[in-house]
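J.: Here's the letter readout for the chains.
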Amino acid sequence: MSKATVADPRSRAGSRLRGSLPPLARLVGRQPIGTAFVTPYVAFLVAVFAYPLVFAVWMSFHDYFFTAPGAGVPHPFVGLDNYATVLGDDQVRQAFLNIAVFLVVNVPLTVVLSLVLATALNAKIPFRSFFRAAYYVPYVTASVAAVGVWLWLFSDGGLVNSLLGPLAPDPSWLVSSTLAMPLIAVFVAWKQMGLSVLLYLAALQNVPRELYETASVDGAGRLRTFWSVTVPGVRPATMLVVILATIVGANLFTEPYLLTGGGGPDGASASPVLVMYQKGIEQGDPDVASALGVVLVVCVLAISLLSKRFLERGDR
Amino acid sequence: MRRTVTGTALAATLGVALAACGGGGGQDSGAAARSHGPIKVWYSNNAQEVAWGKAMVAAWNAKHPKEKVTGQEIPGGKTSEEVIGAAITAGNAPCLVFNTAPAAVPQFQKQGGLVPLDDFPGAAHDIEQRTGAVADQYRSPDGKFYQLPWKSNPVMIFYNKKIFAKAGIDTHNPPLSTYDDFLATSRKLVHSGAAQAAIWPAPTSEFFQSWFDFMPLYAAETGGTQLVEHGKPTFDSPDGRKVAAFWHTLYADGLAPKETYNGDSFAEGKAAMAIVGPWAIAAYKGKVDWGVTRVPTSTGAPLAQTHTFSDAKNIAMYTACKNRGTAWDVLRFATSPAQDKALLEKTGQMPLRHDLAQTFPAYFAQHPEYKTFASEAQRTVEVPNVANSVKIWQTFRDAWEASVITGKKDPHAALHQAASTIGDLAASQ
Chain A
1 MSKATVADPR SRAGSRLRGS LPPLARLVGR QPIGTAFVTP YVAFLVAVFA YPLVFAVWMS
61 FHDYFFTAPG AGVPHPFVGL DNYATVLGDD QVRQAFLNIA VFLVVNVPLT VVLSLVLATA
121 LNAKIPFRSF FRAAYYVPYV TASVAAVGVW LWLFSDGGLV NSLLGPLAPD PSWLVSSTLA
181 MPLIAVFVAW KQMGLSVLLY LAALQNVPRE LYETASVDGA GRLRTFWSVT VPGVRPATML
241 VVILATIVGA NLFTEPYLLT GGGGPDGASA SPVLVMYQKG IEQGDPDVAS ALGVVLVVCV
301 LAISLLSKRF LERGDR
Chain B
1001 MRRTVTGTAL AATLGVALAA CGGGGGQDSG AAARSHGPIK VWYSNNAQEV AWGKAMVAAW
1061 NAKHPKEKVT GQEIPGGKTS EEVIGAAITA GNAPCLVFNT APAAVPQFQK QGGLVPLDDF
1121 PGAAHDIEQR TGAVADQYRS PDGKFYQLPW KSNPVMIFYN KKIFAKAGID THNPPLSTYD
1181 DFLATSRKLV HSGAAQAAIW PAPTSEFFQS WFDFMPLYAA ETGGTQLVEH GKPTFDSPDG
1241 RKVAAFWHTL YADGLAPKET YNGDSFAEGK AAMAIVGPWA IAAYKGKVDW GVTRVPTSTG
1301 APLAQTHTFS DAKNIAMYTA CKNRGTAWDV LRFATSPAQD KALLEKTGQM PLRHDLAQTF
1361 PAYFAQHPEY KTFASEAQRT VEVPNVANSV KIWQTFRDAW EASVITGKKD PHAALHQAAS
1421 TIGDLAASQ
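Residue numbers (our numbering), protein chains in the order written: chain A, 1 to 316; chain B, 1001 to 1429.
Take these hints with a grain of salt, some might be off.
[Unchecked claim] Distance windows between CB atoms, simulated:
| # | chain 1 | residue 1 | chain 2 | residue 2 | range |
| --- | --- | --- | --- | --- | --- |
| 1 | A | Leu301 | B | Lys1066 | 55 to 65 Å |
| 2 | A | Val112 | B | Ala1413 | 51 to 61 Å |
| 3 | B | Glu1369 | A | Gly165 | 42 to 52 Å |
| 4 | A | Val160 | B | Glu1073 | 33 to 43 Å |
| 5 | B | Glu1073 | A | Leu113 | 40 to 50 Å |
| 6 | A | Ala202 | B | Asn1045 | 51 to 61 Å |
| 7 | B | Lys1066 | A | Tyr41 | 46 to 56 Å |
[To be verified] Derived pair list, reagent style BS3-like, types lysine-lysine, alpha-carbon separation capped at 30 Å:
| # | chain 1 | residue 1 | chain 2 | residue 2 |
| --- | --- | --- | --- | --- |
| 8 | B | Lys1341 | B | Lys1066 |
| 9 | B | Lys1040 | B | Lys1144 |
| 10 | B | Lys1144 | B | Lys1322 |
| 11 | B | Lys1258 | A | Lys191 |
| 12 | A | Lys191 | B | Lys1078 |
| 13 | B | Lys1188 | B | Lys1162 |
[Said to hold, decoys possible] To list a few chain A residues with every Cβ distance to chain B over 12 Å, as calculated:
| # | residue |
| --- | --- |
| 14 | Arg26 |
| 15 | Arg30 |
| 16 | Val101 |
| 17 | Val104 |
| 18 | Asn122 |
| 19 | Lys124 |
| 20 | Phe130 |
| 21 | Phe131 |
| 22 | Pro138 |
| 23 | Met193 |
| 24 | Ala202 |
| 25 | Gln205 |
| 26 | Asn206 |
| 27 | Gly219 |
| 28 | Pro232 |
| 29 | Met239 |
Just so you know, the hints here were simulated from the structure itself, not pulled from any lab data.
Even glycine gets a Cβ: it sits at the ideal position worked out from N, Cα and C.
Please model the entire structure based on the sequences and the hints provided.
T.: Encoded structure:
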């Protein structure tokens, strides 16, 4: 309360100073060089993210399709029609269901594996630098190239099925309605692991050594120490990894497009972004695609907020 | 989140950012049709067509220094249609694209991106004279030509003679004309271990994949019926069901794999047969000793009565073009007998001429393996030129994948349901 009512003398002085500045100086502020450095990025954000986002929201409420300049086609307001089309579309519902499957497999896998690996890589093990670099390689490898390798591994006559022999699934991984999406989730977990491990490694540096010493004095074993010291100590990183994994899942496109031949089999691995591409670009319905995009953004925001709240509650 | 926003706004970015470069769509069409000057054209990016495109442009420029043509390959993208669609929206499409897919024409037309060629005196007559009755398939519902029928790739059955011989099958006249023959031959090929697959069409869900499994056989079975005629779907019929049952057997019996092959299964000897047009011959050169035959029908119709899918690519003029007079002249030049002969020689693809074999007798005498394609080119069936063309094909493909390929649904019921949806799509604008 008192903080809110007592004005900061520095800000008062700042206001007085700004008030006495000429208009140009007022526009660029007291640090014109800083403003000059920031402006291009702000312009980039506005042009590439903010304006298209606002325009996409506008499109989602209108009957809109791309036309040649000067074609003079009206774009009447249609209210929630595009949203009704999206929500009533079986293909869209299937795509959201697929993403739910993806998240259920991918998020826990990413969190658990990267935390375990980061803990191992944080310890004094031989070739530690090599392993740290090795886990990061998939993250910086082009998705198309990585998909090529996985196709070779998981195709019907691929290496994995050859090793499994009679235990190989039938139908095979990429053409099985049950296995296609979980396999994509595993692929993405593997590909993104480098970043998650890096985030956890950074977080592990911030866990106070004293906590480990105290746990040791209290007689805690390695597993107990990991569970009671490491896991709570890296909770902010866990939150970040969960949110990033959710966003990556929501943006899934390359993997269903290439790994399972356009979201197959029979739409079992189609993602909302793939459906957006089909409707907006291939089929010429950018208004419906925009509505789907808006729904997707809202869902991602909701899941991210829920994850944040859930993990923060654990922090208290 | 940033990537999600980017994804959400992809369409908007196309429409808005590119539109800033635009211009030209709203000019007076009469004046533009009479205007002459430099123009730009795009052609396909396969090596053979690039060679033809460069030679054609050079030949034109040598004779018309004041109306210079600048040619280039279609810029890279997931598909040519996406790139052309974006260019229409941006207003920077070239004057002519020598690779316009007939299925994309209704959408480009709706976008206001195409010039009706009927704007030019005698154009419709010229098109009909060159292409014959087949040209009618390329008229839009308003009766105008927004594309010039250029070249077709009649889809046929290629077979690998070496693999057939290994399986003990006649390589000169293989038993492939009826569905029963085809299935028996396929079983022999796979069960003998001569090939991993009898045939390996892409089992994926892209809207255009049905042009290379269902459509050629449906055209043959029905004697030349399109997927949609007079605004009504035609495939929910005994003939459509026969074709679906044939492919369903191939998939169910493991004669055609349900998984995509990453590469060219025929060129690499994994599949004994391929269903494709003559453009692929260049890819098989030196790799496969191939033979070619018509697609099968339930009764084994002879070649002279067998229709197939055209897999045509046409030439369209785009509204961003200012010097349309020159563009029309280039279009006529590029489809003259001399240029058609050059196209045939360089690419092996069939110019959409009604008198193809008679116009180029020397070529077919020197290349007897192409005679079958020339004959079949007279009986090609095109995708229907109707609104929502891509949506219609995607609906069909989804039903096909769910029933014929994966077997999750009954093909009869799936085709029936798809026909109902497609009927609505064809009726709406």
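J.: It remains to establish, for every hint, whether it holds in the given structure.
T.: Cross-check of the supplied hints:
| no. | hint | result |
| --- | --- | --- |
| 1 | Leu301/A <-> Lys1066/B: 55 to 65 Å | holds (59 Å) |
| 2 | Val112/A <-> Ala1413/B: 51 to 61 Å | violated (43 Å) |
| 3 | Glu1369/B <-> Gly165/A: 42 to 52 Å | holds (43 Å) |
| 4 | Val160/A <-> Glu1073/B: 33 to 43 Å | holds (39 Å) |
| 5 | Glu1073/B <-> Leu113/A: 40 to 50 Å | holds (44 Å) |
| 6 | Ala202/A <-> Asn1045/B: 51 to 61 Å | violated (45 Å) |
| 7 | Lys1066/B <-> Tyr41/A: 46 to 56 Å | holds (47 Å) |
| 8 | Lys1341/B <-> Lys1066/B | holds (26 Å) |
| 9 | Lys1040/B <-> Lys1144/B | holds (24 Å) |
| 10 | Lys1144/B <-> Lys1322/B | holds (20 Å) |
| 11 | Lys1258/B <-> Lys191/A | holds (26 Å) |
| 12 | Lys191/A <-> Lys1078/B | holds (23 Å) |
| 13 | Lys1188/B <-> Lys1162/B | holds (14 Å) |
| 14 | Arg26 | holds (31 Å) |
| 15 | Arg30 | holds (30 Å) |
| 16 | Val101 | holds (17 Å) |
| 17 | Val104 | holds (19 Å) |
| 18 | Asn122 | holds (29 Å) |
| 19 | Lys124 | holds (37 Å) |
| 20 | Phe130 | holds (31 Å) |
| 21 | Phe131 | holds (28 Å) |
| 22 | Pro138 | holds (18 Å) |
| 23 | Met193 | holds (18 Å) |
| 24 | Ala202 | holds (21 Å) |
| 25 | Gln205 | holds (27 Å) |
| 26 | Asn206 | holds (25 Å) |
| 27 | Gly219 | holds (44 Å) |
| 28 | Pro232 | holds (26 Å) |
| 29 | Met239 | holds (14 Å) |
Hints 2, 6 from the list above are not met by this structure, while the remaining hints are.
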